[in-house]
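Residue numbers (the numbering used here), protein chains in the order written: chain A, 1 to 276; chain B, 277 to 552.
It should be emphasised that the hints constitute simulated quantities derived from the structure, not laboratory data.
Listed next, with one range per pair, are the computed distances between beta-carbon atoms:
hint: 1; chain 1: B; residue 1: GLU534; chain 2: A; residue 2: ARG133; range: 32 to 40 angstroms
hint: 2; chain 1: A; residue 1: SER202; chain 2: B; residue 2: HIS325; range: 35 to 43 angstroms
hint: 3; chain 1: A; residue 1: LYS74; chain 2: B; residue 2: GLU517; range: 38 to 46 angstroms
Keeping only pairs whose Cα atoms sit at most 25 angstroms apart, straight-line, the calculated DSS-like set for lysine-lysine is:
hint: 4; chain 1: A; residue 1: LYS233; chain 2: B; residue 2: LYS477
hint: 5; chain 1: A; residue 1: LYS201; chain 2: B; residue 2: LYS411
hint: 6; chain 1: A; residue 1: LYS264; chain 2: B; residue 2: LYS495
hint: 7; chain 1: A; residue 1: LYS59; chain 2: A; residue 2: LYS42
hint: 8; chain 1: B; residue 1: LYS311; chain 2: B; residue 2: LYS353
hint: 9; chain 1: A; residue 1: LYS267; chain 2: B; residue 2: LYS311
hint: 10; chain 1: A; residue 1: LYS97; chain 2: A; residue 2: LYS170
hint: 11; chain 1: A; residue 1: LYS135; chain 2: A; residue 2: LYS219
hint: 12; chain 1: A; residue 1: LYS255; chain 2: B; residue 2: LYS446
hint: 13; chain 1: B; residue 1: LYS361; chain 2: B; residue 2: LYS335
hint: 14; chain 1: B; residue 1: LYS380; chain 2: B; residue 2: LYS334
hint: 15; chain 1: A; residue 1: LYS245; chain 2: A; residue 2: LYS261
hint: 16; chain 1: A; residue 1: LYS24; chain 2: A; residue 2: LYS155
hint: 17; chain 1: A; residue 1: LYS77; chain 2: A; residue 2: LYS168
hint: 18; chain 1: B; residue 1: LYS446; chain 2: B; residue 2: LYS521
hint: 19; chain 1: A; residue 1: LYS170; chain 2: B; residue 2: LYS528
hint: 20; chain 1: B; residue 1: LYS528; chain 2: B; residue 2: LYS540
hint: 21; chain 1: A; residue 1: LYS104; chain 2: A; residue 2: LYS170
hint: 22; chain 1: B; residue 1: LYS472; chain 2: A; residue 2: LYS252
hint: 23; chain 1: A; residue 1: LYS108; chain 2: A; residue 2: LYS163
hint: 24; chain 1: B; residue 1: LYS477; chain 2: A; residue 2: LYS264
hint: 25; chain 1: A; residue 1: LYS121; chain 2: B; residue 2: LYS543
hint: 26; chain 1: B; residue 1: LYS537; chain 2: A; residue 2: LYS196
hint: 27; chain 1: A; residue 1: LYS233; chain 2: B; residue 2: LYS528
hint: 28; chain 1: A; residue 1: LYS107; chain 2: A; residue 2: LYS147
hint: 29; chain 1: A; residue 1: LYS245; chain 2: B; residue 2: LYS531
hint: 30; chain 1: B; residue 1: LYS361; chain 2: B; residue 2: LYS423
hint: 31; chain 1: A; residue 1: LYS170; chain 2: B; residue 2: LYS477
hint: 32; chain 1: A; residue 1: LYS261; chain 2: B; residue 2: LYS495
hint: 33; chain 1: A; residue 1: LYS121; chain 2: A; residue 2: LYS135
hint: 34; chain 1: B; residue 1: LYS543; chain 2: B; residue 2: LYS521
hint: 35; chain 1: A; residue 1: LYS201; chain 2: B; residue 2: LYS543
hint: 36; chain 1: A; residue 1: LYS135; chain 2: B; residue 2: LYS477
hint: 37; chain 1: B; residue 1: LYS477; chain 2: A; residue 2: LYS245
hint: 38; chain 1: A; residue 1: LYS201; chain 2: B; residue 2: LYS444
hint: 39; chain 1: B; residue 1: LYS472; chain 2: A; residue 2: LYS233
We put the beta carbon where it would ideally sit given N, CA and C, even for glycine.
There are 2 protein chains.
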Amino acid sequence: MTVCIVGLGLMGGSFALSLKNSLKICTIIGYDLNKDHQFQAKNLNLVHHIAKDFDEVKKSDIIILAIPVEAIIKTLKLLEGIDSKTTIIDLGSTKEKISIQTPKSIKKNLILAHPMTGTEKVGPSAAFSTLYRDKIVVLCDLEHSGKHQQAQAIKIFEALSMKISYMKSKEHDSHAAFISHLPHAISFALANSVLKQEDPKSILALSAGGFRDMSRIAKSSPIMWSDIFRQNKTNILTSIEAFNKELTYLEKLIKDEEWEKMQKWMKNANLLHNIL
Amino acid sequence: MTVCIVGLGLMGGSFALSLKNSLKICTIIGYDLNKDHQFQAKNLNLVHHIAKDFDEVKKSDIIILAIPVEAIIKTLKLLEGIDSKTTIIDLGSTKEKISIQTPKSIKKNLILAHPMTGTEKVGPSAAFSTLYRDKIVVLCDLEHSGKHQQAQAIKIFEALSMKISYMKSKEHDSHAAFISHLPHAISFALANSVLKQEDPKSILALSAGGFRDMSRIAKSSPIMWSDIFRQNKTNILTSIEAFNKELTYLEKLIKDEEWEKMQKWMKNANLLHNIL
Chain A
1 MTVCIVGLGL MGGSFALSLK NSLKICTIIG YDLNKDHQFQ AKNLNLVHHI
51 AKDFDEVKKS DIIILAIPVE AIIKTLKLLE GIDSKTTIID LGSTKEKISI
101 QTPKSIKKNL ILAHPMTGTE KVGPSAAFST LYRDKIVVLC DLEHSGKHQQ
151 AQAIKIFEAL SMKISYMKSK EHDSHAAFIS HLPHAISFAL ANSVLKQEDP
201 KSILALSAGG FRDMSRIAKS SPIMWSDIFR QNKTNILTSI EAFNKELTYL
251 EKLIKDEEWE KMQKWMKNAN LLHNIL
Chain B
277 MTVCIVGLGL MGGSFALSLK NSLKICTIIG YDLNKDHQFQ AKNLNLVHHI
327 AKDFDEVKKS DIIILAIPVE AIIKTLKLLE GIDSKTTIID LGSTKEKISI
377 QTPKSIKKNL ILAHPMTGTE KVGPSAAFST LYRDKIVVLC DLEHSGKHQQ
427 AQAIKIFEAL SMKISYMKSK EHDSHAAFIS HLPHAISFAL ANSVLKQEDP
477 KSILALSAGG FRDMSRIAKS SPIMWSDIFR QNKTNILTSI EAFNKELTYL
527 EKLIKDEEWE KMQKWMKNAN LLHNIL
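Construct all of the structure, not just a fragment, from the sequences and the given hints.
Now the structure itself:
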């Protein structure tokens, strides 16, 4: 069986490496428009070999799309006409727009997946074999995919030791806005607000765990994230609005010197303890 | 030499434990208004013994105030009349208000210190001996402290293997607002915005590293943090305003579908890479 990984950055590179280790009967092929990424992925032994052209990608049994979400939509159009037995798995962070824009003829080929994992690092050299282990992968609108494809996808994610969760793509996008996209929006804004101060170096010299943790994902890829914000526009605006409401409330409590109300509000935030 | 730690939570407990390990000639005494904390600190061997009353605290050579910042101001008033050789070190996260409100007669006794370290955990059981190791401690307005006290404080922080940084308390409070207080404000607001959604459990079930890192400090102590927000009111409001400006800009870019401008804005945030 051949598995072709399209996009050999952190997500695709780690996917390739994990599968190479766990599904030893498979041939893992790599594909990336960036020649430098192809070269690195081969050198780092992330894949068995690099596809010589897009035709070789199309002939693979399983195609993994580990590229920015706008590129996923474009690539799905190029995959029209593939064999009805081929399985395509996209790893995009948004799902509804991809689902809607997939050509009808390959709807059954496609598995909409979102692995809830990642780091702020980019490129093949950031790949590591345990990125997916014990993490959650959300499979969306699975009933629209073919039975064969469903079975293949479950085999792949089980090989990566992932926990599978099922959801409608609409519900996924609204949850992902809060749990993943909003934190990225906040982290980018926090980084920029400090960097624009008069003397950012002196401020950052004092940084401890709290700031480092919160600003880490502000180092994430601008292309990947502007794509996500584009595709999940409405949900992200809703989540930013909900967050703004809380921060504005805190601001008012500070201005009005309402320390007891503030403690009550913070105690509510502490309840996260009970769930996470 | 006797060192008395007032406040036996995460910060005080860890301070006691580290000093016990590194300055073996010292007797480490503990004091806490919370009897349960005293009992735990003794049981966990964080201190050699518990002070029988506040008079014993006052007779110590070095007094460490590891309590919320409003309590620091109250306690400093109770310390009026101590020996001129006694060293008081406060570990509060704000410095200017404490500096202003310290009784004149003990100004030389006091060292204004802010160790840039911590975790979201609370109480004596959260204490660990390496909390301070290799971390930065900011000493403020040091020229106002007595020569003897300066030497004692430097000895103590060197024993904890800390890196010492010097600053005016005014400058410290403005930097700390951005690097520490703003991230806490954001984290509390993020936690509350998710917890107030219709089905927070389903959302949180998907949480990965990014969200966990950003919400971790939302589990911090409400009393400690409302005190800090009270004492550093103006600087915190300034930092929230700077952050809001960035988030509002992002919101506008999303609404206007300005994806290229968004990438430019995110690339600027990526510059954090070069400093942190």
